[in-house]
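Fit chain B to the known structure of chain A by using the hints.
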Amino acid sequence: SQTIHQWPATLVQPVGSPLSLECTVEGTSNPNLYWYRQAAGRGLQLLFYSVGIGQISSEVPQNLSASRPQDRQFILSSKKLLLSDSGFYLCAWSVQGYGYTFGSGTRLTVV
Amino acid sequence: AQKITQTQPGMFVQEKEAVTLDCTYDTSDPSYGLFWYKQPSSGEMIFLIYQGSYDQQNATEGRYSLNFQKARKSANLVISASQLGDSAMYFCAMREGHYGQNFVFGPGTRLSVLP
Chain A
1 SQTIHQWPAT LVQPVGSPLS LECTVEGTSN PNLYWYRQAA GRGLQLLFYS
51 VGIGQISSEV PQNLSASRPQ DRQFILSSKK LLLSDSGFYL CAWSVQGYGY
101 TFGSGTRLTV V
Chain B
1 AQKITQTQPG MFVQEKEAVT LDCTYDTSDP SYGLFWYKQP SSGEMIFLIY
51 QGSYDQQNAT EGRYSLNFQK ARKSANLVIS ASQLGDSAMY FCAMREGHYG
101 QNFVFGPGTR LSVLP
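Line by line, the protein sequences are chains A and B. All the letters of the first sequence, read from the start, carry residue numbers 1 to 111 under the numbering used here. All the letters of the second sequence, read from the start, carry residue numbers 1 to 115 under the numbering used here.
Quick caveat, the hints were computed from the structure, so don't treat them as lab data. Careful, some of the hints might be misleading.
[Said to hold, decoys possible] One-sided excerpt, in silico: chain A residues whose CB lies under 8 Å from chain B:
#1 TRP7
#2 TYR49
#3 PHE88
#4 ARG107
[Unchecked claim] Some chain B residues near chain A, calculated using beta-carbon distances under 10 Å:
#5 GLN6
#6 GLN8
#7 GLN39
#8 PHE47
#9 GLY106
[As the list claims (entries may be wrong)] Here are the computed distance ranges between Cβ atoms for each label pair:
#10 A:SER1 with B:ASN58: 27 to 35 Å
#11 B:LEU114 with A:ASN30: 40 to 48 Å
#12 B:ASN67 with A:LEU83: 36 to 44 Å
Just so it is clear, CB atoms sit at the ideal spot from N, CA and C, and this is done for glycine as well.
So here's chain A without its partners, still in its complex pose (with noise of 0.2 Å):
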């Protein structure tokens, strides 16, 4: 069965840090693999999204990046995090189709 893990959970980082959000797929090959930030009390914003390794699509210019070195990984990095940069970040996979299905997410505060 395809299982989508995410992590951390919860995350506190200063402002001006890096980021490394990591996100990886099983029981699936050649997904479309989703990067979504919600902030408190809002709905989804696309930011990312990569229809196989190596290609990205940015949604939302800002200070966030997206990779996919392999087919099944896609992580959200960051070299110097900002205030706004806080809130809860999604991954979700897909194929061509169907829905999605998301990982659990991690709460980032930037502080």
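Below, chain B without anything else, positioned relative to chain A:
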């Protein structure tokens, strides 16, 4: 323009009653999919129900049903016999095209079930 509109930021319902959460969408693509997700306070996103644009019948999944009115571009979620565990945020989402890459999410509706 908003592609997914959820006009109810918050809803209350009495336990065991039915509740309808509204969702309207905007697309010119004849092929699309509509989804509802539940997000409890833990933050995880739980898939509830799916309706394809060419589906002739309204989708149902247990206590969840989707009232799909294509001409009005609405896809309301109906929860029957509400339970306390149904208290959560509910998001309507749309995938444009059968193989569309991305989903568009609505702003969500917070449902509170009262004992």
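Could you work out which earlier hints the structure fails to respect and list their numbers in ascending sequence?
Of the numbered hints, 1, 6 do not hold.
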